[in-house]
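Listed here are the chains, written in short residue letters.
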Amino acid sequence: MPTRRGALAVLILAVGCLGATLPSVAQTPACEPDKVATKYPSLAGKTIKIGADPTSPPYVTRDPKDFNQLIGFDADLARAVFDCAGVKYEFFLGGWSGLLPAVISGQIDVMWDNLYYTAERAKQVDYVVYMVAATGALTPAGNPKKLSGIEDSCGLNAAAGLGTVEEAAFREQDTKCRAEGKPGVNIMTYPDIAAGARLVQSGRADLMLTDLALTDSLVKENPTLYSRGYKIVSGFSVGAAIKKGNADLLKLLADGLKIMQATGKQKDIAAKYAIDPSLQIDAEVKTS
Amino acid sequence: MYGRNSRRFGWLSGGWGSASKFVFISFVAAALLAGCGQSTSPGQMTLGQIVAGGSPVAGRDASWPLEFVSYVFSGFLLAGALTAVQITVLAMSAGLVLGLGLALVRLSSLAPLRAAAWTYIWMVRGTPQLLQLVFIYDALPLIGLKFDSFTTAVVGFALNEAAFSAEIIRGGIVSVSRNQSIAAASLGMGRFLTLRRIILPQAMRAITPGITNDTIGMLKLSSIASVIFVNELTFRAQQIVGQNFKFFTVFCAAGAIYLAMTSAISLLQGWVERHFDPEHDRKQRARPRSGDICGTETDAANLHGVIGSDDVAAGIGQPVLVSSNVWKSYGGREVLSGIELTVNRGEVVAILGPSGSGKSTFLRLISHLESVDRGEIVLDGGHVGYERRGEALKPVSGLAKARADARIGMVFQHFDLFNHLTAIENVIEAPIRVHGITRSEAKVLGVRLLAAVGLLGHADDLPHRLSGGQQQRVAIARALAIRPRLMLFDEPTSALDPELVGEVLAVIRRLADAGMTMIVVTHEIRFAREVADRVVFMDEGKVVEEGASAQVIDNPQQPRTRRFLRRVAQSEGIDAEEITAAAGP
Chain A
6 MPTRRGALAV LILAVGCLGA TLPSVAQTPA CEPDKVATKY PSLAGKTIKI
56 GADPTSPPYV TRDPKDFNQL IGFDADLARA VFDCAGVKYE FFLGGWSGLL
106 PAVISGQIDV MWDNLYYTAE RAKQVDYVVY MVAATGALTP AGNPKKLSGI
156 EDSCGLNAAA GLGTVEEAAF REQDTKCRAE GKPGVNIMTY PDIAAGARLV
206 QSGRADLMLT DLALTDSLVK ENPTLYSRGY KIVSGFSVGA AIKKGNADLL
256 KLLADGLKIM QATGKQKDIA AKYAIDPSLQ IDAEVKTS
Chain H
4 MYGRNSRRFG WLSGGWGSAS KFVFISFVAA ALLAGCGQST SPGQMTLGQI
54 VAGGSPVAGR DASWPLEFVS YVFSGFLLAG ALTAVQITVL AMSAGLVLGL
104 GLALVRLSSL APLRAAAWTY IWMVRGTPQL LQLVFIYDAL PLIGLKFDSF
154 TTAVVGFALN EAAFSAEIIR GGIVSVSRNQ SIAAASLGMG RFLTLRRIIL
204 PQAMRAITPG ITNDTIGMLK LSSIASVIFV NELTFRAQQI VGQNFKFFTV
254 FCAAGAIYLA MTSAISLLQG WVERHFDPEH DRKQRARPRS GDICGTETDA
304 ANLHGVIGSD DVAAGIGQPV LVSSNVWKSY GGREVLSGIE LTVNRGEVVA
354 ILGPSGSGKS TFLRLISHLE SVDRGEIVLD GGHVGYERRG EALKPVSGLA
404 KARADARIGM VFQHFDLFNH LTAIENVIEA PIRVHGITRS EAKVLGVRLL
454 AAVGLLGHAD DLPHRLSGGQ QQRVAIARAL AIRPRLMLFD EPTSALDPEL
504 VGEVLAVIRR LADAGMTMIV VTHEIRFARE VADRVVFMDE GKVVEEGASA
554 QVIDNPQQPR TRRFLRRVAQ SEGIDAEEIT AAAGP
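From first to last, the protein sequence lines are chains A and H. Last residue of the first sequence? That's 293 in our numbering, and every number before it is there in order. Last residue of the second sequence? That's 588 in our numbering, and every number before it is there in order.
Since the hints were derived computationally from the structure, they do not count as laboratory data. None of these values were measured; they are calculated from a predicted model. Don't take each hint at face value.
[Unchecked claim] In silico DSSO-like pairs for lysine-lysine, Cα to Cα no more than 27 Å straight-line:
1) K93(A) with K44(A)
2) K128(A) with K249(A)
3) K54(A) with K149(H)
4) K128(A) with K149(H)
5) K236(A) with K256(A)
6) K51(A) with K149(H)
7) K249(A) with K149(H)
8) K248(A) with K149(H)
9) K149(H) with K93(A)
10) K225(A) with K272(A)
11) K256(A) with K128(A)
Please work from the sequences and hints to get the whole structure.
Here you go:
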């Protein structure tokens with residue numbers, strides 16, 4: 006008993022010293038799951054609905070050992086954040102293109118599935134961003150068309166997820182190609198990643214733009230089928246999105262992500278799913 | 004686990020018909036050939052390392068048939084299949100009820116209602132169902148209508164199905180001859196009773212294939228509901244593929260589950276079609292043949308026993324039907340122009356006249372299948388389905404009840420028996436459904452009536468198994484079953500082959516002998532002369548001449564009557580020459 010009390014005293018002292026020398030750490034909120042009513046009064050007793058598309062590895066996907074379970078970087082991070090805040094949650098799983106409309110209409114509370122921040126989207130939802138995105142170009146093995154950048158896409162069959170920023174990037178490139186008098190980009194949209202990968206595998210698409218981590222894993226697992234043509238550190242930041250006007254939930258997400266970053270939990274989870282931990286950025290609220 | 008599965012297969016193949024087995028076997032064969040086997044190619048490796056503990060369900064080295072089977076019986080996929088089935092069953096049930104309502108509105112006589120139904124169908128059929136679902140799920144909350152995913156899917160699919168099935172049901176309803184409804188109305192059957200008992204059972208065979216297509220389509224299309232967070236079979240298969248990229252094996256397994264479910268729907272379709280196939284139904288059901296109840300084939304005495312209409316106020320020989328100055332026009336064309344006619348109780352009146360003279364219309368006005376424009380028709384002191392408002396007579400709202408109470412038996416040129424019902428079922432339908440007598444009483448009545456028209460041996464035959472003459476005799480028995488106060492015959496022998504005319508006329512003759520009050524529209528001049536007490540000659544919507552039958556036929560006073568009788572006689576040849584001779588120049 007005395008030893009433990011002594012240890013506690015040392016710890017308090019140490020924290021105190023740290024607090025004095027590093028004020029930022031002292032400001033970092035702590036996990037206080039029993040203080041929901043005081044910290045986020047409007048969320049007390051509520052179950053937060055987290056929307057995700059479980060066909061988006063390695064962010065949200067089914068556990069191969071038990072398909073009823075959900076795993077992935079975003080799934081684990083979301084769980085950690087809400088567990089930390091002491092707020093109950095449940096996952097609502099649907100097609101990716103239905104997630105954001107459901108947030109806006111209030112059918113779900115959070116979209117948390119590798120969602121990029123754009124100013125356009127931020128007009129309708131509030132974000133807490135926590136990492137930056139990198140995009141990879143998945144090509145057939147050996148990159149037969151020697152693609153080295155998105156500007157090489159003129160006249161090609163290019164696959165992108167429906168309603169994604171990659172699709173938008175191809176559309177922009179298409180305009181550029183035509184402006185230069187070259188053939189445009191034939192954009193093929195797919196509903197889920199596996200469908201996109203099939204397009205490349207079958208040769209229907211010359212390339213597919215998608216998340217870098219996913220691209221690299223696909224190439225690593227299937228070296229005879231795929232290569233990475235190029236990568237783009239797009240600078241897009243990735244965040245969880247909620248309906249505008251929910252201050253408590255926004256605060257909860259910001260607090261939680263700051264804690265996950267301060268404790269290194271976010272990087273741990275990233276490492277677990279082979280996502281480059283250096284893509285992490287300081288958690289930040291973005292409302293416009 | 005596998006032992007249990009194989010037992011299930013055993014049960015399936017034991018219980019299925021050979022056609023279904025063939026389907027099942029060919030699917031398995033197709034699945035083997037069509038690429039499920041390709042899952043062993045290097046392209047089908049997993050994302051093992053990016054996901055925690057990345058071994059696929061049956062292991063990378065497991066042989067693919069085992070893996071395929073393990074996916075088919077995966078609880079995760081089957082739970083998705085169950086969701087698809089639940090949505091389909093609920094949405095289909097609600098959609099069919101709504102669709103029937105919409106179909107009826109589309110067939111209604113009120114233009115604004117028709118337009119509303121048309122607009123609904125136009126909107127729903129013309130817009131993508133995906134957008135409808137997203138609209139219900141994500142836009143309706145803005146006006147305070149917030150449904151969960153499952154409810155949204157059921158509501159969305161039901162509203163969609165309503166539009167599609169409305170058109171299928173409407174097609175089925177209009178495929179049933181309109182004369183079936185008229186015959187039902189003449190028996191006093193109301194609109195919904197007619198729909199339920201007469202129209203829909205006959206329409207069902209036309210409706211069933213289309214509805215089955217819709218059901219199968221809905222079951223498979225429920226995957227689009229993934230956009231509103233419904234985790235059904237296809238979406239779950241996609242999730243597995245999204246994790247392990249084994250498209251062929253997983254999608255083949257999902258396909259097998261779909262095929263099993265749609266096979267069940269196809270079997271159900273077969274059962275429904277057999278159920279509504281009257282021919283099949285008779286073979287299946289071992290019902291006691293009504294012929295066993297009574298051995299007498301033709302029993303004229305029965306007729307006297309069953310046609311007694313003792314509740315007629317008018318005495319024998321007193322006016323029972325009085326038509327005063329009756330006018331009727333269709334679309335500005337005068338069909339009847341002031342018909343005056345009185346029929347006394349027990350009297351047989353034959354109406355002669357060329358086609359288009361308004362004879363049939365007049366009969367329909369008497370039984371109020373059509374409403375008079377002006378004038379009135381009084382049956383035994385009262386109106387059939389009219390009430391006096393100021394000076395004018397207006398049709399009442401409960402017209403079917405009024406017709407039922409009037410008890411006017413009607414026999415049509417084309418018989419118009421209910422095609423899905425046997426002879427005796429045709430006869431006892433109205434007594435049971437309209438007049439509320441018990442089935443056993445009605446059966447006794449039906450047997451007596453069929454015996455009276457000489458058709459007891461055919462009591463359990465469907466109309467299409469009977470000759471025209473037999474059908475018309477059943478139709479007479481059917482009309483007699485409501486204990487009519489007045490019988491109307493609308494050219495009862497015109498659609499018959501010459502050799503069959505006699506048997507029908509013989510029955511009518513017996514009715515006349517039994518004292519039934521009757522109006523017979525006919526071209527059988529000799530019959531009219533022999534059986535009718537009076538003959539009325541109509542032309543161009545007017546009564547041109549009337550009088551004792553012998554007088555009008557043998558010695559017509561009006562040139563138009565003479566011309567008509569001569570023409571009929573010419574067409575009837577030798578048999579009628581004597582009439583022409585008698586009629587004189």
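Verification of the hints:
no.: 1; hint: K93(A) with K44(A); verdict: holds (15 Å)
no.: 2; hint: K128(A) with K249(A); verdict: holds (9 Å)
no.: 3; hint: K54(A) with K149(H); verdict: holds (15 Å)
no.: 4; hint: K128(A) with K149(H); verdict: holds (23 Å)
no.: 5; hint: K236(A) with K256(A); verdict: violated (34 Å)
no.: 6; hint: K51(A) with K149(H); verdict: holds (17 Å)
no.: 7; hint: K249(A) with K149(H); verdict: holds (18 Å)
no.: 8; hint: K248(A) with K149(H); verdict: holds (16 Å)
no.: 9; hint: K149(H) with K93(A); verdict: holds (21 Å)
no.: 10; hint: K225(A) with K272(A); verdict: holds (21 Å)
no.: 11; hint: K256(A) with K128(A); verdict: holds (18 Å)
Checked against the numbered hints above, the structure violates only hint 5.
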